[in-house]
Structure formats: C-alpha cells, structure tokens
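J.: For reference, the chains in residue letters:
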Amino acid sequence: MPRHMIARNRALRVFRLLLAAAWLAGGSAAAQQQQVTLERDSPLYAEPRLDATQVTQLKLGATGEVIGKQGAWLNLKTAGGAGWLFSFNVRFQSQPVAAGDSGAGSAAGRLFGPRRSVSVTSTIGIRGIEEEDLKQASFNPEQMKLLDGYVATKEAAERGARASGLAPVSVEYMDAKQ
Amino acid sequence: MIGRSRYWMAAATMAVLSVAAGAASIDLGRIFDVGRDLRTAAVGLDEKDEIAVGREVAGRTLGAAPLVPDPELQAYVNRVGRWIAMQTERPDLPWHFGVLDTASVNAFAAPGGYVLITRGLYDMLASESQLAGVLGHEIGHIVQRHHVKVMQQSAAISAGARAAQRGDRGVLVNNLIGTGAEVMARGLDKGSEFEADRIGIVLAARAGYSPYGLVEVLHLLAARSADDSSLALLFKTHPAPGERLTQLGEALAPRVAALPGGLEPAIRPVDPKTPPPAAAKPAAVEGARALQQQEEGGTTIPSGGSLLPGGGGGVLRGIFGR
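Just so you know, the protein sequences line up as chains G and P, in that order. Numbering-wise (our numbering), the first sequence opens with residue 932 and increments by one. Numbering-wise (our numbering), the second sequence opens with residue 3 and increments by one.
These are computed hints drawn from the structure, not numbers from a lab. Hints are supplied without guarantee of correctness; some may be wrong.
Below, simulated DSSO-like cross-link-like pairs (lysine-lysine); rule was C-alpha separation at most 30 Å, straight line [what the hints assert, rightly or not]:
| id | chain 1 | residue 1 | chain 2 | residue 2 |
| --- | --- | --- | --- | --- |
| 1 | G | 1085 | P | 50 |
| 2 | G | 1076 | P | 50 |
| 3 | G | 1108 | P | 238 |
| 4 | P | 192 | P | 151 |
| 5 | G | 1108 | P | 192 |
Pairwise CB distance ranges, derived in the manner of DEER restraints [to be verified]:
| id | chain 1 | residue 1 | chain 2 | residue 2 | range |
| --- | --- | --- | --- | --- | --- |
| 6 | G | 987 | P | 255 | 15 to 21 Å |
| 7 | G | 1085 | P | 278 | 32 to 38 Å |
| 8 | P | 96 | G | 1090 | 17 to 23 Å |
| 9 | G | 994 | P | 276 | 35 to 41 Å |
| 10 | P | 94 | G | 1094 | 19 to 25 Å |
Note that this is a predicted model, so its numbers are computed, not measured. Every residue gets a Cβ at the ideal spot worked out from N, C-alpha and C, and that includes glycine.
Construct all of the structure, not just a fragment, from the sequences and the given hints.
T.: Next up, the structure:
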C-alpha cells in the first residue's frame, strides 16, 4: 500500500475514534440532563399503575434518569432499579439559562418540548409584554376585527377534531383532594 | 425652533391620548344598560355584561401585543379552542382564541369567552394535547366566572366610592371596573388557579386528548429558570408550577386509572416565514412623560387630563393579572 494511503487510513481511524469519543461524551451529557429529582417519598412501580408491584420506595431528593413516559407516568432508571413513577412526584432539573431561553435544551424540554425547530421568539431574548404594557394598553379595534374574523363555528371545530381522530369522551370534573 | 416643534408633538400626543380616553369612557358606558342601577350591575353581572367586559379587556390586550400575523395558525387555534369549549356547560359563549405576537410566556382569559395565548408559550408546546391543556385551563377560568366573581366582590367593597360619582355614568363604570381591578391586581386566589388546572385536565380528556398535556407544560415551566424575564408576569400571578403539579397530582391520583388515554395529535407550528415578534414598545405613557420632562422649564404642556384611558390599565392588570 502506498505510504500516503496508509497515512490517510490512519488519519481516518483517528477521526473515527474522535467521533466516537464525542458521541459518547454527548450521550452521557444528555443522560445527565434527563435527570429528575424526587419531590417526595414515592414508590417505584413495576408497571405504570398505582396498584402494580413496587420495585422500591424512593426517598425525597433521590434522583433518576428518565427513559420513557406514558400518560401520568415516567419510566425511570434509579440506583434502586428501573420502574415507573407518578410524574407529579418529580421535578426536572432546571438549568440556569440566559434570560429568554425557551428551555428547549433542558431535560423537560427534551422529553415534553417540541421536536421541531421553533420560530422562537423566546430564545432570543426579545422584550415581551409585561405588567406595565398591559396596564397602559388601549383598545385596538383593527386587531379586534382580526380576532373576530378568526372565530371558528362549532361545525368547523367538529370537522377539525374529526380530522385529528378526536371523539368526545364523558369525563366527570374532579374535586381538589379526594 | 426645535423646542417649538417638540411642543407641538407633545401637544398632539396629549390630544390623541385625551381622545382615546374619551372613547374608552364611551365604550365602557355602553357596557351596562343605561338606567340600570349600577349596584345591581356590579353585584350581578349578567352574561351580556360579562361578554362586553371581556371584549373590552381582550381589545386592550391586543393593544399591548398584536396577533401573530399567521391567519392559518389563528384559525387552527380557534378550531381547537372551540372544540374544547364545546365540552363545557357554556358552549355557546362567543369563544375567541388568539395567539399574541410576543415573546412572553403566558396565557390569558377574559370574561365571556376570550382566550389569548402568547407566541412565547405556543412555541414551547410539542403537541395539540399540550395546547388543549393550556386552553382548557383558561376556558376553566371563564366557565367558572373566576374574574367576574372577583370584580363583583371588589365592586361591592367600593359601593361608597361609586355612590359619590353617581352623576357621571362613564366615570362610574370606569371606576367600577378600575376599582375592581385594584383588588384583582392581587390576583385570583390560588384555589381558582388549581381549579382551572383540574378543569383543564378534564376538558382536554373530554375533547379526546391525552389528559396530561397541561401536566407536561407545567413540568416544562417548572424547569425554566425562575428569573427568566419572559416568565416574570406568569410566575408573579400564578402559584409556582411545582406547587400546581403537587396539587394536580393529589387530585388526580385517585382518578388516574379511570382517565382515558387520549390522543396526542401534532400541533400546527407558527409559519416559519413569520418574522419574530417585535420587541414590546415602551409604553406610550412613558413616551409622553419623557416628552413632558424634555419640555419642562421651557414650554407648558397641557395637563390635568389623565394619560391613561379611563383607568383601563387597572382592568388589564386585574383580569390579566392571572
């Protein structure tokens, strides 16, 4: 093999190694950011149900890594084992972010935030409306006319819902703590 | 010469503002039927009044931030919102939904069926079920007449002040809402916010969505830095997202197995061609004050008239303090 080919192969190998290292580093950083902290003592269940077998009892302040979600439940990997936790009992680690950051890069953002790249807005620190602006605002008839023009009829709303496969379900209102 | 043109600019600004103030008084005067005793109106706002008050407040909010210039998006949010509102006991209110072109993260409800969500919040959402949860919360405030109840309470408190102004209906009505807003500036009570959260969950579920969209949004908000300026107003006027999650969790735990799974349809994003929102302009009053300061010592500025149209700011703060 000509010498320059060998050198190129070697360079390629080094490049691949660097790439792998970068990927690993990125992966572990992502894992770190998927961490949640227990807000209160809570059982970790084998399945996403309150009557499922308990894997372990987690203590307030314990941490876990989110590996999935289903309805009200988070699939967690913890020191005490993997299982399902009632999602209300954890908080995602908040990142100290620059003012106006959309939070899309946070753990919560990766799990619950948009997959699309957003037009935003809130990531670029534009001054938004604040209390003072609202206090001093006056009626805008042109914008109100626009708002009136966008109103949807019940029929349009039903058509839209059907197109998304939505059908009404009977669900009772709930009381505070039962 | 320069000083003189400044004077005229200032005078013109004042003239415009006074006209605006006059117009606001007249509009507000029409809110209540002429001849009806204001005390009755204050204590028992009927649905017509409620809608008129909400419309006035929504129009003023649009004066602070316009709608995102994406008609398809606005029509879409109206279809989703109306579908959710149809699952309530007040399906026939004149439901209006709009996305405000501001980077702030917030959503507002005004009485009578007006719901506005900011682009800053909309851009955080990943699914239509999350949008449903947010709209459901605001719809909950309206269905339960949370703001109207607060206005009525504060109106009762200030009956004496109103009696003193019986001669001028416009001023009277203005003060009714304004005074009510003074009280509402302290915000809705936490109980109303927690109730709206529970309603938001139920309405999303009734509309066929995953009930947990709002929960996901609260997790997103809880993970945002508390000193993030785009959330300042939201955090000031609502219980902390973590506290809301705790309350919701306690209410939901017994119901969680029975709740339907629901769907999580994709959300329509803001048209990528839409330019980012303009930075909110410094409020007009500040501008007028600056002019006045510039002119001080040189030229006299007409004074005595209120720069604020009819104390409307109070209404906004009160109703939108939430």
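J.: Hint check: residue 192 of chain P vs residue 151 of chain P, CA-CA at most 30 Å. Holds or violated?
T.: Within the cut-off at roughly 14 Å; holds.
J.: Between the beta carbons of residue 96 of chain P and residue 1090 of chain G, is the distance compatible with 17 to 23 Å?
T.: Roughly 20 Å apart at Cβ, these two residues keep to the hinted range, so it holds.
J.: Given the hinted pair residue 1108 of chain G and residue 192 of chain P, is their Cα-Cα distance within 30 Å?
T.: Cα-Cα ~14 Å, so holds.
J.: Need the status of pair residue 1085 of chain G, residue 50 of chain P: alpha-carbon distance at most 30 Å?
T.: Within the cut-off at roughly 20 Å; holds.
J.: Are the Cα atoms of residue 1108 of chain G and residue 238 of chain P separated by 30 Å or less?
T.: holds (25 Å)
J.: Just tell me: holds or violated, for the beta carbon distance of residue 94 of chain P and residue 1094 of chain G against 19 to 25 Å?
T.: Taking Cβ atoms as reference, residue 94 of chain P and residue 1094 of chain G lie about 23 Å apart, which means the hint holds.
J.: Taken at face value, is the distance from the CA of residue 50 of chain P to the CA of residue 1076 of chain G at most 30 Å?
T.: holds (19 Å)
J.: Are residue 994 of chain G and residue 276 of chain P spaced within 35 to 41 Å by their CB atoms?
T.: holds (40 Å)
J.: How does the Cβ-Cβ distance of residue 1085 of chain G and residue 278 of chain P compare with 32 to 38 Å: does it lie in that range?
T.: For residue 1085 of chain G and residue 278 of chain P the Cβ distance comes to about 34 Å; the hint holds.
J.: Residue 987 of chain G and residue 255 of chain P, beta-carbon distance inside 15 to 21 Å?
T.: holds (19 Å)
Comparing the model with each earlier hint shows no violations; every hint is respected.
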